[in-house]
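Sequences and hints are given; from them, build the entire structure.
Chains A and B, in that order, are what the protein sequence lines are.
Counting the first sequence from 1 gives a position; the numbering used here is that position plus 490.
Counting the second sequence from 1 gives a position; the numbering used here is that position plus 490.
Hints are supplied without guarantee of correctness; some may be wrong.
Identical copies look the same in the list; a pair holds intra-copy or inter-copy alike.
As the list claims (entries may be wrong) - Simulated pairs of lysine to any residue, SDA-like, Cα-Cα distance not exceeding 25 Å: (1) Lys-716 - Asp-681; (2) Lys-519 - Met-700; (3) Lys-519 - Phe-699; (4) Lys-584 - Lys-716; (5) Lys-725 - Arg-701; (6) Lys-519 - Ser-666; (7) Lys-704 - Glu-592; (8) Lys-579 - Lys-725; (9) Lys-725 - Asp-715; (10) Lys-704 - Pro-737; (11) Lys-519 - Thr-645; (12) Lys-704 - Arg-593.
None of these hints come from the bench; they were simulated from the model.
There are 2 protein chains.
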Amino acid sequence: MTNTPNPTACLLIIGDEILSGRTQDAHLKFFGERLAAMGIGLSEVRVLPDVESRIIEALNAMRSAYTYVFTTGGIGPTHDDITTPCVAKAFGRKVIRHPDAERDLRAYYGDRTNDARLRMAEVPDGAGVSLIENHISVAPGYRIENVFVMAGVPTVTRAMFDAVAPTLKGGDPVYSQSVDAHVREGDIAADLSAIQNAHPHVAIGSYPFMRLDKLGTSIVARSTDKATIAAVIAKVAAAMRVLGGEPIIGPSP
Amino acid sequence: MTNTPNPTACLLIIGDEILSGRTQDAHLKFFGERLAAMGIGLSEVRVLPDVESRIIEALNAMRSAYTYVFTTGGIGPTHDDITTPCVAKAFGRKVIRHPDAERDLRAYYGDRTNDARLRMAEVPDGAGVSLIENHISVAPGYRIENVFVMAGVPTVTRAMFDAVAPTLKGGDPVYSQSVDAHVREGDIAADLSAIQNAHPHVAIGSYPFMRLDKLGTSIVARSTDKATIAAVIAKVAAAMRVLGGEPIIGPSP
Numbered sequence: 491m492t493n494t495p496n497p498t499a500c501l502l503i504i505g506d507e508i509l510s511g512r513t514q515d516a517h518l519k520f521f522g523e524r525l526a527a528m529g530i531g532l533s534e535v536r537v538l539p540d541v542e543s544r545i546i547e548a549l550n551a552m553r554s555a556y557t558y559v560f561t562t563g564g565i566g567p568t569h570d571d572i573t574t575p576c577v578a579k580a581f582g583r584k585v586i587r588h589p590d591a592e593r594d595l596r597a598y599y600g601d602r603t604n605d606a607r608l609r610m611a612e613v614p615d616g617a618g619v620s621l622i623e624n625h626i627s628v629a630p631g632y633r634i635e636n637v638f639v640m641a642g643v644p645t646v647t648r649a650m651f652d653a654v655a656p657t658l659k660g661g662d663p664v665y666s667q668s669v670d671a672h673v674r675e676g677d678i679a680a681d682l683s684a685i686q687n688a689h690p691h692v693a694i695g696s697y698p699f700m701r702l703d704k705l706g707t708s709i710v711a712r713s714t715d716k717a718t719i720a721a722v723i724a725k726v727a728a729a730m731r732v733l734g735g736e737p738i739i740g741p742s743p
Numbered sequence: 491m492t493n494t495p496n497p498t499a500c501l502l503i504i505g506d507e508i509l510s511g512r513t514q515d516a517h518l519k520f521f522g523e524r525l526a527a528m529g530i531g532l533s534e535v536r537v538l539p540d541v542e543s544r545i546i547e548a549l550n551a552m553r554s555a556y557t558y559v560f561t562t563g564g565i566g567p568t569h570d571d572i573t574t575p576c577v578a579k580a581f582g583r584k585v586i587r588h589p590d591a592e593r594d595l596r597a598y599y600g601d602r603t604n605d606a607r608l609r610m611a612e613v614p615d616g617a618g619v620s621l622i623e624n625h626i627s628v629a630p631g632y633r634i635e636n637v638f639v640m641a642g643v644p645t646v647t648r649a650m651f652d653a654v655a656p657t658l659k660g661g662d663p664v665y666s667q668s669v670d671a672h673v674r675e676g677d678i679a680a681d682l683s684a685i686q687n688a689h690p691h692v693a694i695g696s697y698p699f700m701r702l703d704k705l706g707t708s709i710v711a712r713s714t715d716k717a718t719i720a721a722v723i724a725k726v727a728a729a730m731r732v733l734g735g736e737p738i739i740g741p742s743p
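Next up, the structure:
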């Protein structure tokens, strides 16, 4: 465990179809898990509609606030795919056609190549721009400075994340361990407060659940230090036993 | 169809467990669908950690930007439930114990009543505060001006939403209809642009899919006007047929 704060990240999910409830989001949990495993804290997620001004405003707020910004959605060939012009405007740059992306798209589509598909080769102009490989459907994502612009189709998003993950600077891995029991949150709350106060560098979360028609509580301890997590979980388990619960401790971090 | 803009809403999902990927979000799609059906546009979703300054900042930005703000999470009895103090600070008010909530919690918990559980009776002080009934686990949510503070456990959140829905001012219902075919986005993109330009008051979304190992495109038209939706869907279906697709039109709005 070091005292350097871990890098931070923000996820910007772009698309009317998520906000209208038509499509279940498939990105939030994926990014949360993958980034946490790399010691990068997902600090915020925003879901925005396909509206230029809103996307530009959010991008500019986020790219200065977080180490990394990931966007999903809006880089396809149709009229509602407006992410790239928005990213370019946020950075004050022009949109150009990236020669490598154009070459790959022309090779893939052959005589089905058209203007709409070539929009998928467009990226902001200038320094600090690099393509993100898409081995599933060819059309690339791209990185511009600390912003990673990715597709919205989950299989493609995941392939793009795998492609960029080795290039991200991670932090100390954050470990977590849980302990569950049929003890009610309101009964264990005072013990938990005392344990949290004794271990300020561990994040202790409390989540009620209903199982076999009985209320219970799942306690999760998160930290970069495994030994402290183990100590916290042992204290929570002891408190659960005093309250008549039979604690079930999750796998070691 | 009128020309009054529909009310807008923002959803603020509060909780480390969502950002860490531990828990799959269950709120976004629910709120999106329910609000859309009432003619209230879900215009933004933010997911934030259990960090006071971040929650206060977001609440103040959102409550002035949207007709309604809904928060989920952080109103339980444990140390990590910090939503109510944050809401009170955002509004510049003190936290008080609401007498009706205290009465209901004492009646429900009897001699298991304790300080932690009575925290669930706390609300911001002053005008414009009303409780939101929770018929599942008693501890209420509350409304303060245009902000609705709700539980994070999905069954409870939904019960609370059902309780407040009749009090919300809706707008013109937004209808949608879809048409799918095994036609690729890049092939139909030019036709779609032309149809969108001819119908600026219909939001036309294009979503690629993979079915039976073949790529296809789902087109969704959304509007407050059913006749225009039908016209748009008919034009898209015709364009799909010209491209060799067999359009499947979804149920009428």
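Results for each hint:
For the homomeric pair Lys-716 and Asp-681, the shortest alpha-carbon distance inside one copy (21 Å) is at most 25 Å, but the shortest distance between copies (57 Å) is not. Taking the shortest Cα distances, Lys-519 and Met-700 sit within 25 Å of each other both inside one copy (22 Å) and across copies (22 Å). In the homo-oligomer, the alpha carbons of Lys-519 and Phe-699 lie at most 25 Å apart both inside one protomer (19 Å) and across protomers (21 Å), since each shortest distance falls under that limit. Proximity of Lys-584 and Lys-716 under a CA criterion of 25 Å is satisfied in neither setting, with 48 Å inside one chain copy and 39 Å between copies.
Only within a single protomer do Lys-725 and Arg-701 lie at most 25 Å apart by alpha-carbon distance; the minimum there is 23 Å, versus 51 Å between protomers. When the C-alpha separation of Lys-519 and Ser-666 is checked against a cutoff of 25 Å, the pair qualifies only within one copy, where the shortest distance is 16 Å, while the shortest distance between copies is 28 Å. For the identical chains of this complex, Lys-704 and Glu-592 are inter-copy neighbours only, at 24 Å across copies versus 59 Å inside a copy, given an alpha-carbon limit of 25 Å. In the homo-oligomer, the alpha carbons of Lys-579 and Lys-725 never lie at most 25 Å apart, since the shortest distance is 52 Å inside one protomer and 33 Å across protomers.
In this assembly of identical chains, Lys-725 and Asp-715 lie within 25 Å of each other by CA distance solely inside one copy; the values are 16 Å within and 60 Å between copies. Proximity of Lys-704 and Pro-737 under a CA criterion of 25 Å is satisfied intra-copy only: 14 Å inside one chain copy versus 49 Å between copies. For the homomeric pair Lys-519 and Thr-645, the shortest alpha-carbon distances inside one copy (14 Å) and between copies (20 Å) are both at most 25 Å. Taking identical chains as interchangeable, the C-alpha atoms of Lys-704 and Arg-593 lie at most 25 Å apart only when they sit on different chains, with a minimum of 24 Å there against 60 Å within one chain.
The structure is inconsistent with the numbered hints 4, 8, although it conforms to all the rest.
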